[in-house]
Amino acid sequence: MVIYQPDRSKYPSHKADGSLDIDLTSGKYLKLWQGPNHPGITGNMSVELTVCGDEVVEGKTHVGYLHRGFEKLMERRTFIQCFPIVCRICVPEPDFNEYCYAAAVEELAGIEAPERAHWIRALILEMGRINSYMMYLGGQAGSLGLGVIGQWTTYVRDLMLDRFEELTGARIYHMFILPGGVRDGLPDGFESRLEETLQEIERTMSDVFDVMFCNAVFKKRTIGIGYIDPALIEPYGVTGPNARAAGVVKDVRKDQPYLVYPQLDFEPVIGHDSDMYTRADVRRRDVAVSIDLIRQIVAKMPKTGPLMTKLPNVLHWKIPRGETYIRGECSRGEYGYYLVTDGSGFPRRVNVRGPSYTHAVALLEKLIVNVNISDVAALMVSLHTYPPEIER
Amino acid sequence: MMRTLYAELNARFPLGELTVQRDDLAFITVEREHLRALLLHMRDREGFTHLVLLTAVDWIEDGIFQLTYLLSNRDKRCDVGIRVMVTRVDTSMESMHDVWPTAATYQRELYEMFGIDFPGSPGVHDPFILEGWADIPPYRREFDTKKFSEENFTHRAGRETNDPAQYMKKQLYPDGA
Amino acid sequence: MKDELKKRTIKGPDGFEFEVDPLHDYYCDAPPKVHPPVYVKIVEDLFNWARSESIWILGFGTGCGAIEMRPLMTPRFDAYRYGVQWRPTPRQSNLFIISGYLSVKTLKRVIRSYEQMQSPKYVIGLGSCTINGGMYWDSYNTIKKLDEYLPVDLYIAGCMPRPEALLKGFEDLKKIIRAGEGEGANHYAENFDWYKANQKKVINDWDMPDYNW
Numbered sequence: 000m001v002i003y004q005p006d007r008s009k010y011p012s013h014k015a016d017g018s019l020d021i022d023l024t025s026g027k028y029l030k031l032w033q034g035p036n037h038p039g040i041t042g043n044m045s046v047e048l049t050v051c052g053d054e055v056v057e058g059k060t061h062v063g064y065l066h067r068g069f070e071k072l073m074e075r076r077t078f079i080q081c082f083p084i085v086c087r088i089c090v091p092e093p094d095f096n097e098y099c100y101a102a103a104v105e106e107l108a109g110i111e112a113p114e115r116a117h118w119i120r121a122l123i124l125e126m127g128r129i130n131s132y133m134m135y136l137g138g139q140a141g142s143l144g145l146g147v148i149g150q151w152t153t154y155v156r157d158l159m160l161d162r163f164e165e166l167t168g169a170r171i172y173h174m175f176i177l178p179g180g181v182r183d184g185l186p187d188g189f190e191s192r193l194e195e196t197l198q199e200i201e202r203t204m205s206d207v208f209d210v211m212f213c214n215a216v217f218k219k220r221t222i223g224i225g226y227i228d229p230a231l232i233e234p235y236g237v238t239g240p241n242a243r244a245a246g247v248v249k250d251v252r253k254d255q256p257y258l259v260y261p262q263l264d265f266e267p268v269i270g271h272d273s274d275m276y277t278r279a280d281v282r283r284r285d286v287a288v289s290i291d292l293i294r295q296i297v298a299k300m301p302k303t304g305p306l307m308t309k310l311p312n313v314l315h316w317k318i319p320r321g322e323t324y325i326r327g328e329c330s331r332g333e334y335g336y337y338l339v340t341d342g343s344g345f346p347r348r349v350n351v352r353g354p355s356y357t358h359a360v361a362l363l364e365k366l367i368v369n370v371n372i373s374d375v376a377a378l379m380v381s382l383h384t385y386p387p388e389i390e391r
Numbered sequence: 000m001m002r003t004l005y006a007e008l009n010a011r012f013p014l015g016e017l018t019v020q021r022d023d024l025a026f027i028t029v030e031r032e033h034l035r036a037l038l039l040h041m042r043d044r045e046g047f048t049h050l051v052l053l054t055a056v057d058w059i060e061d062g063i064f065q066l067t068y069l070l071s072n073r074d075k076r077c078d079v080g081i082r083v084m085v086t087r088v089d090t091s092m093e094s095m096h097d098v099w100p101t102a103a104t105y106q107r108e109l110y111e112m113f114g115i116d117f118p119g120s121p122g123v124h125d126p127f128i129l130e131g132w133a134d135i136p137p138y139r140r141e142f143d144t145k146k147f148s149e150e151n152f153t154h155r156a157g158r159e160t161n162d163p164a165q166y167m168k169k170q171l172y173p174d175g176a
Numbered sequence: 000m001k002d003e004l005k006k007r008t009i010k011g012p013d014g015f016e017f018e019v020d021p022l023h024d025y026y027c028d029a030p031p032k033v034h035p036p037v038y039v040k041i042v043e044d045l046f047n048w049a050r051s052e053s054i055w056i057l058g059f060g061t062g063c064g065a066i067e068m069r070p071l072m073t074p075r076f077d078a079y080r081y082g083v084q085w086r087p088t089p090r091q092s093n094l095f096i097i098s099g100y101l102s103v104k105t106l107k108r109v110i111r112s113y114e115q116m117q118s119p120k121y122v123i124g125l126g127s128c129t130i131n132g133g134m135y136w137d138s139y140n141t142i143k144k145l146d147e148y149l150p151v152d153l154y155i156a157g158c159m160p161r162p163e164a165l166l167k168g169f170e171d172l173k174k175i176i177r178a179g180e181g182e183g184a185n186h187y188a189e190n191f192d193w194y195k196a197n198q199k200k201v202i203n204d205w206d207m208p209d210y211n212w
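Chains as they are written, first to last, in numbering that gives the first Met the number 0: chain Y, 0 to 391; chain U, 0 to 176; chain A, 0 to 212.
One thing to keep in mind: the hints can contain errors.
Sample of chain U residues with no beta-carbon within 12 Å of chain Y, all distances over it, derived [stated by the list, open to error]:
#1 N9
#2 R11
#3 D174
Beta-carbon label-pair distances, calculated as ranges [said to hold, decoys possible]:
#4 A:E18 to Y:E164: 57 to 67 Å
#5 Y:I372 to A:E18: 27 to 37 Å
#6 U:M0 to Y:P83: 36 to 46 Å
#7 Y:D53 to U:M0: 52 to 62 Å
#8 A:E170 to U:D134: 36 to 46 Å
#9 Y:E201 to A:D77: 17 to 27 Å
#10 U:E7 to Y:F265: 33 to 43 Å
#11 A:F46 to Y:I372: 37 to 47 Å
#12 U:I63 to Y:I372: 45 to 55 Å
#13 Y:G344 to A:R86: 28 to 38 Å
#14 A:G157 to U:I135: 34 to 44 Å
#15 U:R2 to Y:P301: 34 to 44 Å
#16 A:F17 to Y:S373: 22 to 32 Å
Honestly, the hints are just simulated from the structure, not real lab data. Glycine residues also receive a C-beta, built at the ideal position from the N, C-alpha and C atoms.
My request is simple: use the sequences and hints to build the entire structure.
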């Protein structure tokens, strides 16, 4: 029925206004729905694919399955009541929300967190980054059929969640970074247990490298596929490892350092061919950088000192009118909070800028053209999108 | 550094007030007619190539929406937020998706959540986050989310909310003084 | 309603024309039936024991709780030794874990998946958002009381519950099934109109058939 033409650049043809000329009644195209429950296990996001034979001709992202109206809810809660709700915006890596919100409130209220709190905050953020990368590696391998990597990395992630539980009291939603500092210091013997966990992670990562990155099938399915042109990085707002794998060095920890990063010594990881294999490789090397950063933080951290500054009565805390933007580098890219206050006890507007907002909607719709159906799931995971932060 | 930038820009375009928040963050107000020229100048000449976010703040007391375009310059390590004030009634604003293609996504969300129309933006009238929504755009200040949720969803009986101020008042002054 | 769901005529690639009505062609016309126990008690007890020892979960992570279901598949918490597996399709599963809050958009998909599962089927509500709305009690897009829309057998409270709490929940569910009280599917069939009215009150653009079997 469909004659295969080797040169796919002009297929399908375009109409006068630039959109694709797809006639659904002709029987040549089929609409498939890769719904909220799908093999690209990034979360509840669906892609509506128009397929001709085996390859995708057009894709549309549908988000909104996880929309809870956070920004509206935060307008109804006082500043201190917002902070338990803020960590639920990004489910697998919640600490960045707490840090960005706390830093924004501190800046507008004119209070400074003490030095030791900055070190503990940086430690938590790096531990959360490793957790997120572990989840990513499991998902990327699992979407191509290599399920054992997910088992190993989820186990190692559990060990790190044990460390979080010792430190903050909860596995997933920590609620540890408050405006003004952190809630508590490190427990006794924490550093030695953390070092054991880091060594276990390093052992697992070397196994993952052997099994996943030296695997002929993985290489064949990911090298050369999912190419992001470096010219698309700035217009589409791509940040994080997606941009670094294309050669554009964008790392907020180096460009606009926050917390204690000026005192730490590391190099951002870059790659050059921006296909799926390079993105996975950049993230793998980033795990090693994070482990090194954690070791530096634990070595250089002051052992004594105050943990929280004295806050005014938080139930009646009024912050003067102002607006600010705080950003951080999470494992997926640039994470930011835009906070506007108006002098009352409630925030006027909180806008969360998640990195997946720009990756999963506009960029995915551009990249998905002329991709084979079986690679769609792998492409979604390779951009490392977490849908909760797209629609908050 | 922000003030020199502001002085240079003020020489070319008529700008409103400047608010310097930090060394590397400033907010500049501008009228909507000059927005496109200013954005193109910032992107092409001044090196602010990264559009960080495009969002709206509802100042219902003044009857305006404030649209904030936050731009970032990676080489000079600074951010500039450009504020544009538009009316709250029958709002429509020029679309910037040809300057930055990613602005199309932000404009879709603003149309759905605030009701600000961006004619010409690709897919701006397609439902984006909400499905089957028949009420006013939810992020506007006149939309009461608690009232909406109580009317439309059945709640489980027996929930008590303890407002800390009321609770302490009852504890300290039990006879209601 | 979307174009592809309307009744229309399609011309196939070889020129043959045929009529298609997506909402009626693929779905069952009759409402769901109640399936009372048919055999003697001792045989029903054996069947209930077998069902309780091989609970297959539909792998649909509807909300936050999906992140605590992944560790259950690893050897550390190991739900597989309890006979619990994750299946990708509703036709092959008999437990639906609603993991966390449900936005209205997801509720529509959950109803469709639930109705496509085969009886007897069970529902666990995970997290406090299914019990009374949890942290999003004043949100305009999440449902507050899961009981109104689906018959729930067991709630596991927490935000997030630990994987051990989930395992204890599985044990409790097994006790419920073995006692013959896992009657969620029959309850749904008996009160089908009430459930359907509640669902339609919340979901405004109903473009599915009434019973999605």
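For each hint, the structure was consulted:
Listed as outside the interface, U:N9 is consistent with that label: its C-beta sits roughly 21 Å from the nearest C-beta of chain Y, beyond the 12 Å cut-off. At the 12 Å boundary, the C-beta of U:R11 stays outside the reach of chain Y, the nearest C-beta of that chain being 23 Å off. Under the 12 Å C-beta cut-off, the non-interface status given to U:D174 relative to chain Y holds; the minimum distance is some 23 Å. Range check, A:E18 to Y:E164: Cβ separation about 60 Å, and the 57 to 67 Å hint holds.
Judged by the Cβ atoms, the range 27 to 37 Å given for Y:I372 and A:E18 holds: they are separated by roughly 28 Å. Between U:M0 and Y:P83 the beta carbon distance is about 38 Å. The supplied range of 36 to 46 Å therefore holds. Distance hint check for Y:D53 and U:M0: the Cβ-Cβ separation is about 55 Å, which falls inside the suggested range of 52 to 62 Å. The supplied range of 36 to 46 Å is met by A:E170 and U:D134, whose beta-carbon atoms lie about 44 Å from each other.
Separation of Y:E201 from A:D77 is about 25 Å and conforms to the stated range, judged on CB atoms against 17 to 27 Å. Separation of U:E7 from Y:F265 is about 35 Å and conforms to the stated range, judged on CB atoms against 33 to 43 Å. Checked against the hint of 37 to 47 Å, the pair A:F46 and Y:I372 passes, with Cβ atoms roughly 40 Å apart. The given range of 45 to 55 Å is respected by U:I63 and Y:I372, whose C-beta atoms sit roughly 48 Å from each other.
The hinted range of 28 to 38 Å is not satisfied by Y:G344 and A:R86, whose Cβ atoms lie roughly 49 Å apart. A:G157 and U:I135 have their C-beta atoms about 35 Å apart, which keeps the hinted 34 to 44 Å range intact. Between U:R2 and Y:P301 the beta carbons are some 36 Å apart, a value that agrees with the proposed interval 34 to 44 Å. In this structure the supplied range 22 to 32 Å holds for A:F17 paired with Y:S373, their Cβ-Cβ distance being about 30 Å.
Hint compliance for this structure: hint 13 alone is broken.
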